[in-house]
Amino acid sequence: MISAEGFLGTVVLMSLLILSVSFLLTVLRVLKGPTLPDRILALDMLVAIGVGFLAVTGIGSGVTFNVDIAIALGLVGFLATVAFARFVLSRSKAASEVLTEKKHD
Amino acid sequence: MAATDPGALGAVLSGPVASGDWLVIAPVVIAIAAGALLLMLRHHLRWQAAYASGCLLLMLAANAALLVRVLSDGPLVMTMGRWLPPFGISFAADALGASFAVVATFVALICALSSARDIDTTGRRYGFYPFLMLMMAGVNGAFLTGDIFNLYVWFEVFLIASFGLLILGSEPAQIDGATKYGILNLLATALFLIATAYLYGAFGTLNMADIAVKAAGLRGSAPLMTIATLYLLAFGMKAAAFPVNFWLPAAYHTPRLVTAALFGGLLTKIGVYALLRSLVMIFPVERAALSEVIEWVAILTMICGVMGALAQTDVRRMFGFLVISGVGIMLAGLALGSPLGVSGTILYAVHSMLVMSALYLLAGAMREMGGSFLLTELGGIYRKSTFLTAVALLIFLAAAGLPPGSGLWPKVMLAKAAIDGGGWLLAGAILATGFMTSIALGRVFVLAFWRDAQKAGPVDSTIKSVPRLAIYAPLVSLTIPIVVLGIIPEQFIRIAELASAGLIDVTAYVRAVFPAGGS
Amino acid sequence: MRSLIFRTAAPYLTALMLLFSVFVLLRGHNEPGGGFIGGLIAASAFAIHGIAYGVPTVRRALHFHPMAISGFGLLLAAFSGLVSCAFGVPFLTGLWISPAILGVTVDLSTVMLFDIGVYFVVVGSITSIALALEDREEG
Amino acid sequence: MGTGAHSLTFLALLLPFLGALAAPLLCRALKHNAAWPLAAVPLFIFLHLVGFLEPIAQGRPVAGGFDWIPSLGVRFSWYLDGLSLTFALLITGIGTLIVLYSGGYLKGHAHQGRFFSFILLFMGAMLGLVVSDSFIMLFMFWELTSITSFLLIGFDHDREAARRAALQALVLTGMGGLSLLAGLLVIASITGVTELSSLLSSGPLVRQSPLYLAALLLVLGGAFTKSAQFPFHFWLPNAMEAPTPVSAYLHSATMVKAGVYLLMRLNPVLGDTVAWETLLPMFGGVTLLVGATLAIRQTGLKMMLAYTTVASLGLLVMLTGFGSERAIEAAVLYLVAHSLFKGSLFMVAGSIGHEAGTRDIRRLGGLSRAMPITFAAGLLAAFSMGGLPLFFGFVAKEEIYAGLAVGETWPMLLGGVAIVGNALMFAIAFTVGLKPFIGTTGNMPKNPHEGSLLLWSGPLVLAVSGLGAGLFSGTVHAFGSSPMASAVVGATVEVTASSVPHAGLPLYLSIATIVLGVAAYLSQDRLRQSMANILAAIGWGPDRGFDQVMRGLLRLSFAVTRVVQNGRLDIYLTVTFVIVAIALFVPMVAYGELPAMPEVPRLLLHEWTIVVIAVIGLGAVLYAQDRLTAIVSLGIQGFAVALLFMLFGAPDLSFTQFMVETLSVVILALVMTRLKLSPSDHRPAREKALDLTVATACGAGFGLLLLKVTQLPFDDTLSQFYQAHSLALAHGRNIVNVIIVDFRGLDTLGEIAVVMVAGLAILALIRVRSVPAADPQAVMEKR
Amino acid sequence: MIDALQNYLAAALILVGSTFSLTASVGLLRLPDLYTRMHAASKAGTLGSCVVLLALAVHADDPAISLRALAGIVFFLLTVPISSHLLAKAAHRAGYALWEHSERDELQTALEQEASSASVADLRNSSQP
Amino acid sequence: MSRYLNNILLALVWAALTGSFTLANFVLGLLLGRLALYLVREQLETRQGTYRGGKIVSLAVLFIKELVLSGWRVATLVTSPKMQIRPGIFAYPLSVDRDFEITLLANLITLTPGTLSVDVSEDRTTLFIHAIDCSDVEKNIREIRYGFERKIEEAFR
Amino acid sequence: MEAVFSLLVALFFGVGIYLILSRHVIRIVLGIAIFGNAVNLLIFTSGRIMRETAPIIPGNLDLLPGPAANPLPQALILTAIVISFSFFAFILVLAYRAYQEIGVDDTIGMRISEPRDDALPPMGY
Ligand code: NA
Ligand code: NA
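Chains as they are written, first to last, in the numbering used here: chain G, 1 to 105; chain R, 1 to 519; chain P, 1 to 139; chain X, 1 to 783; chain D, 1 to 129; chain W, 1 to 157; chain Z, 1 to 125.
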């Protein structure tokens, strides 16, 4: 039987892999869009996965300060999404542009 | 290297510093504090000019005292945070840095004084004086620091401040010029940082004295040639050397004239300073290997600069190109690398700081008297003001390297150094550049001063009428040292020679930074 | 941005983020963080507040112009370096005192003062940029 | 030499400059009568110099000076031997008369004071030039004469012709000055000597140097432009745009002689070589002929004189380069004679123009009654210029022919040239000095009468001096000609020529000259016409060539500048990065600084994933079809970099990178709201390929260099130090932060200064508006 | 013993959390429109991160760290719904339509009513003076 | 919400962040919280409300339960081979009327299974909710009405 | 590991430079951002790479327990990041203002300070 630490280590590596896959899938959504809010949502999701990633690496390395980075990341991720939402909203005033945007996508 | 035992503090921390040593950091601290305070008092428009001028005067005094001290006692070093070099950041003033700092601060002081008439309320409210002070913090820091990464930081400080000064006014031409200036200069400092990253990767240290000492040991294994070439490119860009001089003519004619004067006087010279510091002091062997390249760069810079000047209708743009041709002349000394050549470059830089600022201030005066910046429209200034004409003539003579102006001596030194070193082409280019400069400026004199006024009726209504003293006082204050340097240059040349000797033989510099015997 | 939900939550979020920013600032010497990151978080807080309630609200709340705050920060940082002048040590030397406040020994230092200066500079500048950009948006 | 005289000489050299400063003030107070006190300046110097005649005649040159720029080995030093003393006496003596004459000539002129200033400045420069011992001083004063003559020629700056002439003079003599400087530097480089007095005793060092020819050509470049040798002669006649006193002074007695002075001065050093004895006579001879024939073509008195000056300068150069003692003696004598008669004739011509309102020979006549004293002066000067016996001009001409008539082909040819030239000059001499005064009264705009004492004293004194010097040639030889010739030759020479004719080949040649000259005088109208026809047929001259060259230079500069500074940021950037690529690869390859092949790196799978995500982010930014996708993709790569920092032990970096990347994207989004940018990249494929190549090269270069650097052993002393002392001495556990705020706190201070200024600059950028409510569309339309 | 328990619990939570994240990203890819994707992102995603943070809280020896991790969870739960709401609202306002097979859009209906009454009001206002 | 309560809450958050519940640190937290609240003073709701601790805990428990369920359901939904969904936006008539309560409700709804608050009407009477399963609107409304909304009313009235 | 990072640095530089070269103001701005990241990675790599161990002394120790990542490049990068962020923001706003004032988003159209139709200088005297 492997030790608890060893088990945890394996799990950490495994979950890092899982999170990496999530990363890749989310990046795919960023690239695919098709609309701007989709991309923003995916970026937001990327941040969320990033928080998880930070937490997992924190557990893996025994380095505890990752929590704060995770919190900060959550907060700025929030800011980014809010700003983008703001952007989407203000763009709606120029409705024509939305259409051209969609046409390009 | 210092012991790593935390108990042996003597080996880790420097001893107490004499209050006189603070001179080396004083200019920068004064400038930063003054800039910060001016920013906080941004809306108290009335006292800004006086306050900024007072602080610049204080900085000038500190720099002058520093220079005196450096000249008598050799390089002055303070390592911040009481750490021993190379662990802390050293400020190390030698004759080169201190003398450049003095002249640059003097130029800035004059510009601050003349800004009283050139900078409007909006300009003040949106930070002309904080920009000015922070730019001087950057400039002084660049001249005085002994740490290459710290040099980068000061480069960025004066660069961002120069951005601020450049866009103050937001005219389309300014914005356009600033875009080109901004992106290209950003690249130049990025290249500087990149080269420094490689340097750090190879040397593991950032203290310039330390690097200079270690370079000898690494020659052969580390890619020092490539790193030195990168520095040449980065600083060459900052100095506006051909063919990476684009940013200068794109921008220098767009801001307020005080700003242009400041830029024309200082910015490229910092590039030249950094070239001297990096290539002559740190990479002498690599500089010698690159000397032929530098020689061609110098020649092309001179020629393209002065041809650009000849091609212009707008005097401000012409002066911008003259700044470039001056840079070419300064690069000549770098290409030669001989003591005479390097001291010629140093003296030329001092001359250029004074004269190029004076030229831009003169352009402002010309516009006020002649109603335009364009050679096609200017005229009748001689008739309006004999005094301004006389001052202009002196400045033009200095810029063309003719007696009794300041340009003569460095040009003679450089031409002599070139001929002594067999650089015929270089000598020819230096002289030809002087000649073509005299044509360009002779044309300005003929067309703008001698020729009759070209425009009938009232001139451009946007031109404020200002008391003549406000025009003359800054110009005269710049012209006096220009003529003094032209007539009794001995002290200046001696300082330039000391500075060049200190660069070429780094022993004194290194000993000042590492008094205990070094790393 | 006109959303009841956002506007109701924004002040609390802002206050929380400000608190967090100070926390990040103060712990920077021993763990990741410091004045710069703290300042960025605080500026983000003001940005969120600005997006929710508009720029004038934030300007009123701050009382001083953000750039004045930034200038104050720089002055503070420079001053923290100058303290060493009085002790005959070079510029920017870290000087420490440990007074007891409320029965707890608190380490105070010029280094911390310096970091606080950094914090203010960043808060001021970034907030100023964000507000100026937002201002344009409204107009 | 006592210190008293020493400092007095220095004062004498300084005095004209002080006088120049005082002139405007004096003029304001005394009007034109300021000429009297101002004339005292050159007079004083003249008298002071006269005191040196005796010792110098005895072969004891006067030298003095003091250290000026010791670090460059430059002394402010003067050296007076026969050559320089004679020049100095001419400069100050004629200068005195010119100052007086100017008082009369420019009486009532609004800027007379300024004029006096310029004249005195010029005098000071000229005096300095001829007495300078050190090379640099010589060059400095040389350039000062160019500058002051620029001011004098352009004195009537309202006229375009005057401005053009001034600029022309500046350009040509300025170019010559630089050539001279180069020549002097080369000589200094050869000999290690920077003073003329030492150079003169340096022996054949320069002649034997491989650099001799370079030095010679450079010096000649200076001398020929200054002394208006063909093909640089044209600036001199154009300089007649200046007021007559200037012409009289600059172009006959002083400025143009500077070149001759230089040649004479350096004859002992550079002379006695084939090059010297070919180039000088050749250029001099051509100049003599060109000057003389062009003089005949002129109708204006001043222009005639100007061209004869060109001719005379040619003659002097020819003689100086001839290579015999006799020819040098002739040159010396002719130089003195020329200064006297030409100065006088110029002033006569000026007086005529001043009184009659015209200087056109076709309109002048019968002035003898109205202007008897001027007539006398003109006639006397013409006699001297014509080379009639008893006059000093005769002495000179005799010596010329004596010098040239040595019976070989080359001298014979030059002798012929001299005869033709002299004959034509003879004709001009009387055309100016005689013709306007005799015959029927011409059709003149003004009613002429004799001018004031100020106007006629100068020409008369000079003309009489020409006669006096001829009559007392022995004394002149003893104190002037012989010491001067000795100085030029570099050995003691005794000049013996006399103004009394005695039989011999020279006399016959003189007579032939006079006969030819009389013939030319009588048929001058026809000659003038035919010359005019010939010149019209040629249609081009160096004078027009000057304009063409200037315009060509401007056009060329314009064209070059359009290419190298074409105003397009994309080209600037491309060039910059091409150079970056070159700067990376050339030294790396040339100096063998390429890295070794790296071993296959061992990364963990999730690390690879992050790397891949970074790469995907980069690719996404590149291929993004619209800018918003690009911005979001930018976020991806920034995010990946932050995670990389996290994974490789840099939590602070990761922290900051997260924050900064997010804020960057936020700011981008905020700004984007207002930008309506075209999303697609419509560069032509060729350009894309170029950009791709450049970008790839730069990227590869940076990467290879980085690999090379990281393959070196690393000196981690600094990091060890920080790790060891962070907690113990700086009381911080986060070493990165301790470095930021303590070990390298100054960097951070600068960094936050950048942040602050950036904030302020952005504020200014957004808030300050040039035009209210700038609408891009409106701006577009405005353009 | 406690340590081992902590480790196992943490390991389980980590696995659960990362699996949630994975499903969220799968959902993000598979769901048909923005609004449905938001369900995946704002729930499974948040949950994933929170659970992993919880794992950190469980694993940490220092209670301070655990507390901070919990604070992080709270922060997360506070911010995520708001940003989701804002994005959904903005997207809807900006005219990004629902998936074509959606059942209904009562917000759209309400907005259209509002718009028509507003235009009536506009007419009234303009006719008044 | 009371300003003092806010301040104390912030001080508690501070203590949690710093991981130190000493008096000095708590006082510092109070001071910093005061400062932070001062900066947002104008936007804080001033209306006084009551708080029932027990009900708040009950609300929290309900929320955590719903959250986990929500995650699970979405997880199974998106991983099922055939996604059978019938999404849509429906209008939810609010019975709570205070901003704080509306916000809390909306956020809780967003975090729970299959629902997402899109907008609140201008007159604050209607909440527009996007549901992933919109086949039975009445059921959805009922679940919220008797779930979160009632708990909120109980906790804060 | 340095090899991978060198490759990554090369890629970052290449993409950044390609974008900077591509005439469109916004692409240039994006390029500058990527270029900045490239420089940061360059500094990071030049200080040599070390996996996972941060240079932070744990609370219960007086010295680092073992080898840790090189802290100095990290500090340098922090300074550089802050600076490049400031410049990025400035350039971005500058581009925005350029678009407002000049009305073009393409460097070819940015010809106010150096106009396309510059005239020859006056030829007379
Ligand atoms: Na400059
Ligand atoms: Na930090």
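FYI, nobody ran anything at the bench for these hints, they're computed from the structure.
Computed from a predicted structure; not experimentally measured.
Glycine included, each C-beta is placed from N, C-alpha and C at the ideal position.
Any given hint could be a false lead.
Some but not every residue of chain D turned toward chain W, in silico, with C-beta under 8 Å [stated by the list, open to error]: (1) Ile2; (2) Gln6; (3) Gly95; (4) Glu103; (5) Asp105; (6) Ala110; (7) Gln113.
Status of the hints after comparison with the structure:
no., hint, verdict
1, Ile2, "19 Å, violated"
2, Gln6, "18 Å, violated"
3, Gly95, "14 Å, violated"
4, Glu103, "3 Å, holds"
5, Asp105, "5 Å, holds"
6, Ala110, "7 Å, holds"
7, Gln113, "11 Å, violated"
Hints 1, 2, 3, 7 from the list above are not met by this structure, while the remaining hints are.
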